[in-house]
Amino acid sequence: MTALRRLLFFVVGLFLALPLIVVAGVSINQRQTLAFPPQGFSLSWYAQIFTNPEWRNALVASLTLAATSALLALLIALPLAWFLWRRLAPWANIFQLLGVAPFTLPPVITALGLLTFWATTGFYGQSWTAVISHGIFFVTLPLVTLSLGFSAIDRSLVEAAATMGADDRTIFRTIVLPLILPYIVSGYAFAFVLSLNEYIVAYMTIGFTMETLPIKIFNALRYGYTPTMASVTVLFLVIAAVIFGLVARFGDLPKLLGALSEDK
Amino acid sequence: MRREPPQRLGDYGPLFFPAGMLTLFFVVPFATMIAVSFFQRQQGGFYTPAFVLDNYARFLSLFFGKVLGFSLFLAVAVAIACVVVGVPFTYLLARSSRKTQIAWLVALLSILSLSEVMIGFAWSTLFSRTAGITNLFVWLGLMSQAQALTPSFGAVMTAMAYQAFPYTVLVLYPALVRLDPTLSEAARTLGASPAKAFFTVVVPALRNTILATLIMVFIFALGSYLLPQLLGRPQHWTLSVLITDQAIYQSNMPFAAAMAVFLVLVSLALVGLAVYAGRQKEAK
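Protein chains in written order, with the numbering used here: chain A, 1 to 264; chain B, 1 to 284.
In short, the hints are calculated from the structure, not lab data.
The C-beta atom is built at its ideal place from N, Cα and C for all residues, glycine as well.
Treat the hints loosely; a few may be bogus.
Negatives, chain A to chain B, calculated, CB over 10 Å [to be verified]:
| # | residue |
| --- | --- |
| 1 | Val23 |
| 2 | Ser44 |
| 3 | Tyr46 |
| 4 | Phe50 |
| 5 | Pro53 |
| 6 | Ala67 |
| 7 | Ala101 |
| 8 | Thr110 |
| 9 | Ser127 |
| 10 | Pro178 |
| 11 | Leu181 |
| 12 | Pro182 |
| 13 | Val185 |
| 14 | Tyr188 |
| 15 | Glu198 |
Computed footprint of chain A on chain B; a stretch qualifies when at least three of its residues, placed anywhere within it, have a C-beta under 8 Å from a C-beta of chain A [unchecked claim]:
| # | region |
| --- | --- |
| 16 | 19-26 |
| 17 | 51-64 |
| 18 | 129-135 |
| 19 | 200-212 |
| 20 | 248-259 |
| 21 | 270-276 |
Model the full structure from these sequences, guided by the hints.
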């Protein structure tokens, strides 16, 4: 059993790592060639991301979009999850369903819906439309983590506070908020990382007026190869790994992903 | 605190912003897309409000039939490949130490969130002539000369399985991590080998979960919009690629919208089926 497990883990690990190893390899080539094993060693393609104005602008655009749209997703998800937990209103579950829908359906559908919408309303191409589009597209993530967080709250705590005269606002601020804070943070983190990497919705809303990093890579791919694509890919992978690593370090990642308790 | 139905208008307060946003920016765009799918296309990329079925009539062409058939076939192949490897993998992962689980989960999440553009770029590099895997084969003496492995069906399929595998594991994880460990222990006590216990006890117990996962991964694979374009030939294009192509490059929004509506219907029917398969498990 152990040998079998080692073998399967090794094969799966190799399959998952292989393309990333090659990308990491070509990102340190001395010259602008697509060669592996790398010829020479240079970190200049990493410096390019920050010094070349085109790549730097794309990086700033991506980070800005991810930070703001994840915040918007959170602002939509938090009151909704709170309401669904606090009140008995079965019909309101329709909004939970709406919040999960964009993530369940093929992304091209949401992208096309938003493209027709922004084109019809005449706002097509404005940078803020991407913030709203991503905020809606990724609302699923904080919604799922927050629903999980609320369901973990012991209702008798809240009841005790209510008996002692605390109103909804006080209860939310002093009891609920501290308890769900880890879920708020992880929901934001998930939405942030996914927005950073998202291509099709961003492309269909602002693709012709500005470039995020995934859009920039795709456009650059059409004109040939530059090692900066490889260094950006490695950078994004590291960002994702660090963020998810932090979520795991300070939160309970297995539980967030569906395991029952932390004492395992 | 007991949950109470909202009594005053003020109780609905928290719902206003989320409900408004989701309605305005998800329901309305969705409706807009459906409306556009019935619009009349004008030359030059514009369209005028109308109620025509031309865009849907185009589905009856041989070309569309081929694209649809290929999309479904590709998604089925990817889903089966991912689930066949994913079930034993996730089963073993769920029985590993907490530390091992966390390390794998972080890695899987990082790859899952990786942009489709970057996955496509990574695989096109691995399959390239100058930096690709064939150089390793040459070095090992398995091949005489390095060659490019793209564009090809194999490249599309491999990259899509790569993209869908982390998703498969994360969909399976909750069910497998909560699976009663006494099930396979009992089988082992009665003398079954680990493999036999897995196939005769664990897999049948998870039949509905596996079916639901197959459908979820199938929908996920249907949504792949770049990999067939980056790694395949035009005959490897899927419905998602075609929708993007019609909307952006051919500027035929009504036709793109009609295909998207069709894709929604297919996906919704399948989600319904997946939910139904999941329910069956609870009923038992």
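Each hint, compared with the structure:
1. Val23: 5 Å, violated
2. Ser44: 18 Å, holds
3. Tyr46: 15 Å, holds
4. Phe50: Label holds. Min Cβ-Cβ 18 Å, cutoff 10 Å.
5. Pro53: Per Cβ check, proline 53 of chain A is outside 10 Å of chain B; nearest 21 Å; holds.
6. Ala67: 16 Å, holds
7. Ala101: Answer for alanine 101 of chain A: violated, closest chain B Cβ roughly 7 Å.
8. Thr110: 8 Å, violated
9. Ser127: 16 Å, holds
10. Pro178: 16 Å, holds
11. Leu181: 18 Å, holds
12. Pro182: 15 Å, holds
13. Val185: With a cut-off of 10 Å, valine 185 of chain A remains clear of chain B, as the shortest Cβ separation is near 15 Å.
14. Tyr188: 14 Å, holds
15. Glu198: 7 Å, violated
16. 19-26: Coverage by chain A holds for the region 19-26 of chain B (6 residues, Cβ < 8 Å).
17. 51-64: violated (count 0)
18. 129-135: Our answer is that it holds, as 5 residues pass the Cβ test (under 8 Å) against chain A, meeting three.
19. 200-212: violated (count 0)
20. 248-259: Holds: 4 residues of the region 248-259 of chain B have a Cβ under 8 Å from chain A.
21. 270-276: violated (count 1)
The structure does not agree with the numbered hints 1, 7, 8, 15, 17, 19, 21 stated previously, though it agrees with the rest.
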